[in-house]
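S.K.: Here is what each chain is made of, one letter per residue.
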Amino acid sequence: MNVYLDNNATTMVDPAVVEEMMPFFSEIYGNPSSLHRYGTASHPAITKAINQMYKGINASDKDDIIFTSCATEANNWVLKSVWFDKIMHGEKNHIVTTEIEHPSVLSACKFLEDQGVKVTYLPVNDQGIVEAHTVRSFITEKTALVSIMWANNETGMIFPIKEIGEICKEKGVLFHTDGVQAVGKIPVDMQDVHVDFMSMSAHKFHGPKGVGALYIRNSQHLTPLLHGGEHMGGRRSGTLNVPYIVGMGKALELATENIQEKMASIAAKRDRLEDALLSGLTDVFTVGDRANRTPNTILISIRGVEGEGMLWDLNNALIGASTGSACASEDLEANSVMLAIGADNELAHTGIRLSLSRFTTDAEIDYVIERFESAVKRLRAISSSYAIVQPTAGGESAACAIHH
Amino acid sequence: MAKNDLLGGSLWDQYSNKVTTLMNNPTNQGEITQEECDTAGHKLIVADFGAESCGDAVRLYWEVDPANDTIVNSKFKSFGCGTAIASSDMMAELCIGKTVQQAVKITNIDVEMSLRDDPETPAVPPQKMHCSVMAYDVIKKAAGLYLGVDESSFESEIIVCECARISLGTLREVIKLNDLKSIEQITDYTKAGGFCKSCIKPGGHEAREYYLVDILADVRREMDVEKMQAAADAGASGDFETMTLVQKIKAIDAVIDESVRQFLIMDGGNVEVIDVKDSPDYIDIYIRYLGACNGCASSSTGTLYAIESTLKEKLSTKIRVLPI
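Residue numbers (the working numbering), protein chains in the order written: chain A, 13 to 416; chain B, 4 to 327.
Calculated from the structure, these hints are not laboratory results. Predicted model, so just to flag it, every value in this text is computed and none were measured. In this text, a Cβ means the ideal position worked out from N, Cα and C, and glycines have one as well. Check the hints yourself; a few may be wrong.
As the list claims (entries may be wrong) - Covered stretches of chain B (chain A as the covering partner; in silico rule of three or more C-beta atoms under 8 angstroms from a C-beta of chain A):
no. : stretch
1   : 28–42
2   : 182–196
Stated by the list, open to error - Cβ-Cβ distance ranges computed for the label pairs, FRET-style:
no. : chain 1 : residue 1 : chain 2 : residue 2 : range
3   : A       : Gly332    : B       : Asp121    : 26 to 36 angstroms
4   : B       : Val152    : A       : Thr146    : 45 to 55 angstroms
5   : B       : Glu225    : A       : Gly406    : 36 to 46 angstroms
Claimed, not checked - Residues of chain A placed beyond 12 angstroms of chain B at every Cβ, according to the derived structure:
no. : residue
6   : Met24
7   : Lys92
8   : His106
9   : Arg302
10  : Glu376
11  : Ile400
Given these sequences and hints, build the entire structure.
M.R.: Structural data, given as structure tokens:
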């Protein structure tokens, strides 16, 4: 049985979304900026997608939702344009973010540090989140922007966005949230929180890759990242990617309608899987309180089983999962999220992430439980951590010399 | 970075069939107990290297016949990825039947070569080479335990890049001989730094005693000092063409002071050296006349000829003097 449990990396495009996109490749292909009938033919579909987006995150009509090529673009746009607007051409010089943001936020922040911006990387607590009071204590009068993800990709842990938003509002600081792992998975209501900018990505909620969006509260100023033909009101130039915009709107509509029911259904399968692994295996633990986690995510640590080795065995069993601690990565770092949570180094190399979707079936869960347990059994049989015969005196390992 | 690098290769697809097979079914996985060894009158050696907290760990077991120091059986346990398990398995395989003294000569490169399907194609992608380094390290440790000596006594030289087994001495020599200026060049010439990259600079997978960036900087500094020294020596011995620019100007000034300037000053003039430009065929010396020489008719004929012929005679026949 093929089982895909890597839905925090990307998702299958819902066939209903593909169907919605199809006419906009070879039938209705005009440039929406053209004056003739071929250009305007796509306008009703784009308007529909825009409405689906506003409804999906309950944005106000005064807000902007600008389609981008991906969430990486949206994240870069906010960070680089706030730098341009408030730091290069303003009095500010400081950005607050967290240690466990997506690389598109962290790498952009490193770039800004190279340009002389001060960046504070907040640590997470043992639940893997940054508490609102921590954010408050690091905001100074020089702070231009707070950028904190809504939910974490590795753990699924949900951050206190409402509280952080109130603090930023009170302090008069711009607040950006990377909403990629939240939108389409949990209720996101932009009229209930004070967020200035939010990045989104269609392919995380069964839409196509290559399209994302940036929510901008109250249509406020943010210098464009892409200059050109004044598309999207001049906020983001580039010919509108009509089929993908149509797909993103449809995908968000499908993901957010009856979202409570969908969440309950996914969470039931997730909980069954998690409970089975926790009770069926010894020396395993999962990260983060389930009640404050996206309903599809499990990050499980398995003592004595290296993450990439485990992925190998799961892959042999036709199960796709992920590890944040790939032994192949150049710096061979332990899973940074797990280290931040305070897991000891040992366990930080043993994290496996299983992320479900609304298409995951009960039969798949049963299969994964069985194959996961047999993989752990096989790898522990090989593992030095479970060896019985102890080293000859003097043959013990020296302390770990690896840089963390 | 070019066309072939746009889509990073699939890591696992670059493994040899042997690596894949041994990962799925390691043949020497397991333990050797004290009881088994006691029965046969053999000695049990168990050595650990790495730790779970480092991301990989291996435990090596040897059953050694003390009569001839032969490893009659070898097993392993490993906490690691596929290549770590396959490398450990091959390491144990290579130990069996060898004496401890022979086994200690097995390197990570032997392990990797043995994992190849064909001799020309690496068994694992570059970033996975470090997995086999642990095999080398744990063998040294086991041999040290058996022979009762410190494992460092098996190393006659300092290894900077463990993956490619390149020593400090080799690196220094190659940098000097080939006038290498960058880490990329060092990797091209020696393969050092081309695998797990830990040895390039601090902050990689593993903390190291020596880093390529430091070695390169040190050697370059030494080379500069040597070059200066050589140039100074050449100056003293009169080898004008190999001098540095500053030395050349000083030498030219010395000749002018000694043989030319006094005559110019007597006529109310002077000369200064503006620049020296080397080309394969000529050494062009740019001068400027001062005072009465400036505009004097013979400054572009007789005086110029006198200056040029004196410099040619004293320094180099390649000299041309050009007034500006």
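S.K.: Confirm or reject each hint.
M.R.: Hint check results:
1. 28–42: holds (count 6)
2. 182–196: Our answer is that it is violated, as 0 residues pass the Cβ test (under 8 angstroms) against chain A, missing three.
3. A/Gly332 <-> B/Asp121: 26 to 36 angstroms: Once the Cβ atoms are compared, 31 angstroms apart, the range 26 to 36 angstroms for B/Asp121 and A/Gly332 holds.
4. B/Val152 <-> A/Thr146: 45 to 55 angstroms: With a Cβ separation near 54 angstroms, B/Val152 and A/Thr146 satisfy 45 to 55 angstroms, so the hint holds.
5. B/Glu225 <-> A/Gly406: 36 to 46 angstroms: With Cβ atoms ~39 angstroms apart, the hint holds.
6. Met24: holds, 20 angstroms
7. Lys92: Given that every Cβ of chain B is farther than 12 angstroms from that of A/Lys92, nearest at about 23 angstroms, it holds.
8. His106: holds, 25 angstroms
9. Arg302: holds, 27 angstroms
10. Glu376: Consistent with the label, A/Glu376 stays out of reach of chain B, its closest Cβ about 23 angstroms off (over 12 angstroms).
11. Ile400: violated, 6 angstroms
Comparing the model with each earlier hint shows violations of hints 2, 11; every other hint is respected.
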